[in-house]
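2 protein chains.
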Amino acid sequence: ELPRPYPNEIPHNEKLLSLKYESLDYDNSENQLFLEEERRINHAAFRTVEIKRWVICAMIGILTGLVACFIDIVVENLAGLKYRVVKDNIDKFTEKGGLSFSLLLWATLNASVVMVGSVIVAFVEPVAAGSGIPQIKCYLNGVKIPHVVRLKTLVIKVCGVILSVVGGLAVGKEGPMIHSGAVIAAGISQGRSTSLKRDFKIFEYFRRDTEKRDFVSAGAAAGVSAAFGAPVGGVLFSLEEGASFWNQFLTWRIFFASMISTFTLNSVLSVYHGNPWDLSSPGLINFGRFDNEKMGYTIQEIPIFIFMGVVGGILGALFNALNYWLTMFRIRYIHRPCLQVIEAMLVAAVTAAVGFVMIYCSRDCQPIQGSSVAYPLQAVGLALFPCFLPTPGSYNPMTLGMFTLMYFFLACWTYGLTVSAGVFIPSLLIGAAWGRLFGISLSYLAKGSIWADPGKYALMGAAAQLGGIVRMTLSLTVIMMEATGNVTYGFPIMLVLMTAKIVGDYFVEGLYDMHIQLQSVPFLHWEAPVTSHSLTAREVMSTPVTCLRRIERVGTVVDILSDTSSNHNGFPVVESNPNTTQVAGLRGLILRSQLIVLGLVPPQVFVERANLNLVQRRLKLKDFRDAYPRFPPIQSIHVSQDERECMIDLSEFMNPTPYTVPQEASLPRVFKLFRALGLRHLVVVNNHNEVVGMVTRKDLARYRLGKEGLEELSLAQT
Amino acid sequence: ELPRPYPNEIPHNEKLLSLKYESLDYDNSENQLFLEEERRINHAAFRTVEIKRWVICAMIGILTGLVACFIDIVVENLAGLKYRVVKDNIDKFTEKGGLSFSLLLWATLNASVVMVGSVIVAFVEPVAAGSGIPQIKCYLNGVKIPHVVRLKTLVIKVCGVILSVVGGLAVGKEGPMIHSGAVIAAGISQGRSTSLKRDFKIFEYFRRDTEKRDFVSAGAAAGVSAAFGAPVGGVLFSLEEGASFWNQFLTWRIFFASMISTFTLNSVLSVYHGNPWDLSSPGLINFGRFDNEKMGYTIQEIPIFIFMGVVGGILGALFNALNYWLTMFRIRYIHRPCLQVIEAMLVAAVTAAVGFVMIYCSRDCQPIQGSSVAYPLQAVGLALFPCFLPTPGSYNPMTLGMFTLMYFFLACWTYGLTVSAGVFIPSLLIGAAWGRLFGISLSYLAKGSIWADPGKYALMGAAAQLGGIVRMTLSLTVIMMEATGNVTYGFPIMLVLMTAKIVGDYFVEGLYDMHIQLQSVPFLHWEAPVTSHSLTAREVMSTPVTCLRRIERVGTVVDILSDTSSNHNGFPVVESNPNTTQVAGLRGLILRSQLIVLGLVPPQVFVERANLNLVQRRLKLKDFRDAYPRFPPIQSIHVSQDERECMIDLSEFMNPTPYTVPQEASLPRVFKLFRALGLRHLVVVNNHNEVVGMVTRKDLARYRLGKEGLEELSLAQT
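Chains as they are written, first to last, in our numbering: chain A, 1 to 718; chain B, 1 to 718.
Because the hints were derived from the structure by calculation, they are not lab data. Keep in mind the model is a prediction, meaning the values are calculated, not measured. Beta carbons are placed, not taken as given, at the ideal position from N, Cα and C, and that holds for glycine. Watch out, some of these pointers could steer you wrong.
As the list claims (entries may be wrong) - Restraint ranges, calculated between C-beta atoms of paired labels, are given here:
#, chain 1, residue 1, chain 2, residue 2, range
1, A, Ile302, B, Glu50, 16 to 24 Å
2, A, Ser534, B, Glu50, 16 to 24 Å
3, A, Glu50, B, Leu405, 48 to 56 Å
4, A, Arg702, B, Arg702, 37 to 45 Å
5, A, Phe329, B, Glu50, 33 to 41 Å
6, B, Thr556, A, Asp626, 53 to 61 Å
7, B, Leu405, A, Ile51, 35 to 43 Å
8, A, Phe249, B, Arg332, 32 to 40 Å
9, A, His43, B, Ser640, 53 to 61 Å
10, B, Glu539, A, Thr556, 29 to 37 Å
11, A, Glu664, B, Glu50, 23 to 31 Å
12, B, Lys144, A, Glu664, 26 to 34 Å
Isolated chain A, as found in the complex (with noise of 0.2 Å):
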């Protein structure tokens, strides 16, 4: 079982920040051994590579494409089995009168699909709870959360996501897809499995965190493209959540992989659907086509829009704010799996008590067709989608406003259950509910002019709601724009996005962030806190630091590894001069994770007879390679007495300019340093270039604004 933060009290983790995630390191890769074999790279070798970025990018999209596709497929016929279980059995029980004992079977059912969902996200893999959306966040940012791009993760993801739709959860298939994009992209990106023990070895060149980093945003994006799509969409998802430094190619490859995800979906699905070769469907996402001729809106209808904008925020906030509360009291109560697996079930109980007894109350949903039974309030929710065009009246005010209430109480309390599942189609078909309804309260105003129509208030509703709920703005509008094919209907959309969003910050945070921040993760945002110019690095640093010699004894280095109490990553090399009390001059910095290579690699390099002569060269960039990304403790290496007193030339293998930064320079210097290049150490020195301390992200992410001007995280263990 898993440490708990804070079994007896109320948890604070929102004031935290955990120590248990380690970095990402997007500049580790200036060992000497990388820089000897960059310094023989000619430009042939540089265009192979280029080439396999792009081949790449190629299958990531491919895959992604496939994996929706399966996803859908095995979605659409699951349910349509569970639809013809149920449809017999309350032919059969209608027939003598056994309503309440169809609903039985039903909730049964659902919450029996939902519970082997749901056992295997809790037992198995953990981290594939939920949409993934603010994991893929936190590693793109340069947090690594354990497991997060790990083979198993997408295969439970997947299972997961699938019986939870077909589970009848208020839940979405496309917030995961983002999800698995990435793993998919993470594993293509290395050219082996470790879980299945497979090396493929090809593409041993992008086996660093950098170039990983790059696929997976890559792979992110193919995700969103897949599930709304829109390519360009997950292209700007991509940079507004993950990216710091653009850089124009990579952005190209991203975009072509997104392409490519919607094509072989298209592709595939068009052929499954019996119409080959027509490729003008959307994603996953189907919000029904707008016509661009007949939709057209006004400059009066303006401050319509931004009025929703207003309610969304709220909404938003609302939601956010219940969900908050929830996820407290999960943390606190629900922590053990079986219990989680319960509570799954029981949501999944009520969600399908609830969706049969909305279909039986309303008559809109005669005669019940397939799917509405199959996901019930799905089905009532996305009938609302194609009804963007201008159907005035089709639907029943009061049907709508249950609809709005029950699925905006049902999808709140499902976000954040162990399940594999995303937000995105609740948040939209809560918004297109109550934004309908608000069209047709305006139609009934307005007698029935030409403008007000229901069907645009619904869409401008569903970009509010949604935006009132996860606060993105650029992105979620265009792929907004590109999920309904419809560009008239931007600068509303952006309108309603903005205003939900100043709205909705106004009172509580997005609910991606929210969830990262219980979780403690060390995230860094785009800029350091605005109040903290007065913060210098001498202030933030951590200090003393460890430090190794230039020529260091092994048994030192095995020691300072093996202290559990101090569990530093990285260790600036300075001057050997033994007469050096605490401060030294620097001369580069290396890694636990390369001192661990060296250590690994028989003959072990660590062993040197010959005082201070240099190390035979039998290390290759290859071993370290091969031990990416799963370096192994340093308890597994064995060290003799006899060995601990041979000396190691560690400038061999250091990286010799890391990057340093005065101690006078202020934190959003710092900062900015080190989100722009993707730093995971940062060397404070002196005017002598003496070491004085080591900036890391922790270091940084403990600084926030909060209610009362600039606030420090305390740090927690766990």
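Model the placement of chain B on the given structure of chain A, informed by the hints.
Below, chain B without anything else, positioned relative to chain A:
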């Protein structure tokens, strides 16, 4: 008259790097006064600054939209006027059989209009020539092209583009909108006009390169947005061409400005055209709308699209190569303004003649419509666009072929003339023409089957041709998607653009990059040349560096600043120890502009009687802001012999924590630091933090990947 490079020999500008361009400094703000102000900033003050940023972006959007409206409306009216004049005469003379006189009248009229347009550009503001896109690219990259964002440039640009279009040249009015937007942004964000000598005392916080650059990005995006009705495309254009450090908040503001710009344009034009409140029209350009339902594409067509991409790439490369030779010829022979005006008139007359002949030879354009006489070739071309709709056979293949050929050479001849005009529309027209021709041929072959619709091939041809010439991919894909209001064609357009870029790059660079290189601009690309890893900072840096001591004699400072042979802009400040030899410990960095402001402000801070005492704080941050960006030369500051002997403490004003790099750092690493942070000066230090050299933009821009590996550009003083 400007000095000409290489008057008597074939210029080899493409192997040169000019030193006449100053760099912008995106990190110059870190002087002590600024740091103090930043330390004082609290949350409320920050919020005010943030709100001002949004207000400025809204104003940029509105003004850019209005300028676009102005251009559109004036062009329409002037063209109408010209049409009536010509029409009357043609009617009069055709009766008498004097067609040749009509031709003469027409050509003369066009040539006179173009003459005016050319005269104002050539004699008043030469930087307003062309589309301005290369200049804006340079500005966003960090190179200060003189006068590029001045008010005068905007006025000349707007008048120039109106006259060029009315004069019937093979140009578009879209490209210049980008430049116009940028100038508007630069002007508004500073809250004053130096040209008009008006200071509104607002937005003083933004008077530095970093902030100005951000607003210029927004302005360029707003320009794209107004020109093509493509707000997202505008954002991507700005990012693709300019940004390096992606900042989420900045991107949102850019997006906001873009959206406001399209919105303003559409609102005003809808009122002007008499159907107010209908906001669904696109930007200046009008492709005609696609119908989603009817126009699909199938997977078999993909190879055809790729083939079109190849053709576009080859034709684009041909266009660029021809234009390259032409530009060389112009640099060599047509460097006097009066010759430039004559050339522009000649082109106008020839264009008129060709258009005249074309109209009278082809039956397609009967009856002659208003616009076809006003700008005949454009009209033939623009008429192609609405025909994206499936109306096969409505064009005579012969006419199309003639048009393609003629227009190709005319557009090529026109680009680079001393007139203000863009190349987007001509490229699109050429492409649409041969694309349609290709489509017609296909439909003959396919015997009119449904998929062989010439309309979509026209679109693909347009994309291929434009992509082959300008080599943009991501932003251009989105611009095309938004301008046609169609997202279905995203994937094939992307494929076509990618193919065109790859094929075109094989032969010759993109048009904009070519012109940037011909101007010997020290442009920094996205990444250092791949084969440059073996170079270190030691090899690329300039050395020895002119350093100032922390407490320095005023005379020394004045002498260093007056030294015309060096003309450095940044000086490392070193420890004042008089015993130091060549190397000395780095303490800070001070800029030429900062030193000049020190001397400007009465009472002159150079004058400090009490030796080694601190300067009385008379200098305010405001002094630096008021002097920005046109710092006077040192010669304008008079320093007496007495004053020369005084000492000045530079640590009061310097940047105390400049970015440094160790001398062993590889070129790509230096490059990444420089590019990611937008530096102007990077101090190279040794292991003891002593200054050994300085890296500036020109040191990095000198290394380029040529056909035979890494090549080093020579430096030219012109």
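Verification of the supplied hints:
1. Judged by the Cβ atoms, the range 16 to 24 Å given for Ile302 of chain A and Glu50 of chain B holds: they are separated by roughly 23 Å.
2. Between Ser534 of chain A and Glu50 of chain B the C-beta distance comes to about 19 Å, which sits within the given range of 16 to 24 Å.
3. Evaluation of the 48 to 56 Å hint for Glu50 of chain A and Leu405 of chain B yields a failure: the beta carbon distance comes to about 37 Å.
4. Take Arg702 of chain A and Arg702 of chain B: their Cβ atoms lie about 42 Å apart, and the range 37 to 45 Å holds.
5. Taking 33 to 41 Å as the suggested C-beta distance range, the pair Phe329 of chain A and Glu50 of chain B conforms, at roughly 36 Å.
6. Evaluation of the 53 to 61 Å hint for Thr556 of chain B and Asp626 of chain A yields a pass: the beta carbon distance comes to about 58 Å.
7. A hinted range of 35 to 43 Å holds for the C-beta pair Leu405 of chain B and Ile51 of chain A, which are about 36 Å apart.
8. The hinted window of 32 to 40 Å between Phe249 of chain A and Arg332 of chain B holds, with their beta carbons roughly 35 Å apart.
9. For the hinted restraint 53 to 61 Å between His43 of chain A and Ser640 of chain B, the CB-CB distance of approximately 59 Å keeps it satisfied.
10. Distance hint check for Glu539 of chain B and Thr556 of chain A: the Cβ-Cβ separation is about 36 Å, which falls inside the suggested range of 29 to 37 Å.
11. Remark: the range hint 23 to 31 Å for Glu664 of chain A to Glu50 of chain B is upheld by a beta-carbon distance near 27 Å.
12. Range check, Lys144 of chain B to Glu664 of chain A: Cβ separation about 30 Å, and the 26 to 34 Å hint holds.
This entry does not satisfy hint 3, going by the numbered hints stated previously; all others are met.
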